[in-house]
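If you're matching them up, the sequences are chains B and Y in order. Taking the working numbering, the leading residue of the first sequence gets 262, the next gets one more, and so forth. Taking the working numbering, the leading residue of the second sequence gets 6, the next gets one more, and so forth.
Just so you know, the hints here were simulated from the structure itself, not pulled from any lab data. Hints should not be assumed to be uniformly reliable.
Computed list of lysine-lysine pairs in BS3-like fashion (alpha-carbon distance at most 27 Å, straight line) [said to hold, decoys possible]:
1) B:Lys310 with Y:Lys45
2) Y:Lys46 with B:Lys310
3) Y:Lys45 with Y:Lys24
4) B:Lys322 with Y:Lys45
5) Y:Lys14 with Y:Lys58
6) Y:Lys41 with Y:Lys58
7) Y:Lys43 with Y:Lys14
8) B:Lys310 with Y:Lys43
9) Y:Lys27 with Y:Lys58
10) Y:Lys23 with Y:Lys58
11) B:Lys322 with B:Lys310
12) Y:Lys23 with B:Lys322
13) B:Lys322 with Y:Lys24
14) Y:Lys41 with Y:Lys23
15) Y:Lys27 with Y:Lys43
16) Y:Lys41 with Y:Lys24
17) Y:Lys23 with Y:Lys43
18) B:Lys310 with Y:Lys24
19) Y:Lys24 with Y:Lys14
20) B:Lys329 with Y:Lys23
21) Y:Lys14 with B:Lys322
22) Y:Lys46 with Y:Lys24
23) Y:Lys58 with Y:Lys24
24) Y:Lys58 with Y:Lys45
25) Y:Lys14 with Y:Lys41
26) B:Lys310 with B:Lys329
27) Y:Lys43 with Y:Lys24
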Amino acid sequence: AQSVTQPDIHITVSEGASLELRCNYSYGATPYLFWYVQSPGQGLQLLLKYFSGDTLVQGIKGFEAEFKRSQSSFNLRKPSVHWSDAAEYFCAVGAFSNQFYFGTGTSLTVIP
Amino acid sequence: DTEVTQTPKHLVMGMTNKKSLKCEQHMGHRAMYWYKQKAKKPPELMFVYSYEKLSINESVPSRFSPECPNSSLLNLHLHALQPEDSALYLCASSHSAGELFFGEGSRLTVL
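Construct all of the structure, not just a fragment, from the sequences and the given hints.
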């Protein structure tokens with residue numbers, strides 16, 4: 262069965278520090294992978310996506326993610342976090358027939 | 006135009022009311038979705054329309070009734086809701102095998 266795991270429910274980092282959010286997936290074929298960000302009371306905004314090709318993908322707002330097939334992971338990284346990055350982050354897998362599977366989310370707090 | 010527009014942004018209704026949520030996109034996407042989201046939780050899929058036909062219904066109670074009048078519009082009709090139905094309702098659209106584009110959501114409160 263398809264599933265997405267985000268092991269970290271909540272992460273706190275200092276402004277300017279580096280960030281890594283973890284995502285592991287279970288899917289029978291090569292997945293389409295996504296990271297979304299959601300600010301309070303807002304919809305979900307796509308940060309980046311992986312369909313195929315280069316396993317290191319660049320996204321908006323200085324984020325990047327690396328697809329590692331051997332580890333079934335798609336971790337999100339940012340070298341220097343800004344206070345405005347505080348939000349909820351969701352990893353997702355896209356499958357056939359318009360099916361998407363979301364992780365439970367990681368809440369990011371940024372301290373000055 | 007890469008937007009999904011949802012109206013209203015906020016809605017308060019009693020348990021006997023009938024109301025509707027509306028969603029519109031002009032990206033030419035042929036798949037449209039309704040998700041329900043509770044605070045600090047991931048979106049939960051409710052319905053998917055593909056080429057204007059209902060393709061997925063995730064066992065949603067009949068007090069929620071979706072409608073897709075055309076390829077750009079998606080409605081969610083609400084009737085006799087319960088307080089536990091209070092949530093953020095998100096509309097999304099996608100190309101086939103593409104990413105989801107979300108609207109800002111409609112915040113629903115059922116009294």
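Consistency of the hints with the structure:
no.: 1; hint: B:Lys310 with Y:Lys45; in the structure: holds (22 Å)
no.: 2; hint: Y:Lys46 with B:Lys310; in the structure: holds (21 Å)
no.: 3; hint: Y:Lys45 with Y:Lys24; in the structure: holds (26 Å)
no.: 4; hint: B:Lys322 with Y:Lys45; in the structure: holds (22 Å)
no.: 5; hint: Y:Lys14 with Y:Lys58; in the structure: holds (26 Å)
no.: 6; hint: Y:Lys41 with Y:Lys58; in the structure: holds (20 Å)
no.: 7; hint: Y:Lys43 with Y:Lys14; in the structure: holds (16 Å)
no.: 8; hint: B:Lys310 with Y:Lys43; in the structure: holds (24 Å)
no.: 9; hint: Y:Lys27 with Y:Lys58; in the structure: holds (17 Å)
no.: 10; hint: Y:Lys23 with Y:Lys58; in the structure: holds (23 Å)
no.: 11; hint: B:Lys322 with B:Lys310; in the structure: holds (14 Å)
no.: 12; hint: Y:Lys23 with B:Lys322; in the structure: violated (41 Å)
no.: 13; hint: B:Lys322 with Y:Lys24; in the structure: violated (37 Å)
no.: 14; hint: Y:Lys41 with Y:Lys23; in the structure: holds (18 Å)
no.: 15; hint: Y:Lys27 with Y:Lys43; in the structure: holds (19 Å)
no.: 16; hint: Y:Lys41 with Y:Lys24; in the structure: holds (16 Å)
no.: 17; hint: Y:Lys23 with Y:Lys43; in the structure: holds (21 Å)
no.: 18; hint: B:Lys310 with Y:Lys24; in the structure: violated (36 Å)
no.: 19; hint: Y:Lys24 with Y:Lys14; in the structure: holds (13 Å)
no.: 20; hint: B:Lys329 with Y:Lys23; in the structure: violated (48 Å)
no.: 21; hint: Y:Lys14 with B:Lys322; in the structure: holds (26 Å)
no.: 22; hint: Y:Lys46 with Y:Lys24; in the structure: holds (25 Å)
no.: 23; hint: Y:Lys58 with Y:Lys24; in the structure: holds (22 Å)
no.: 24; hint: Y:Lys58 with Y:Lys45; in the structure: violated (31 Å)
no.: 25; hint: Y:Lys14 with Y:Lys41; in the structure: holds (14 Å)
no.: 26; hint: B:Lys310 with B:Lys329; in the structure: holds (14 Å)
no.: 27; hint: Y:Lys43 with Y:Lys24; in the structure: holds (20 Å)
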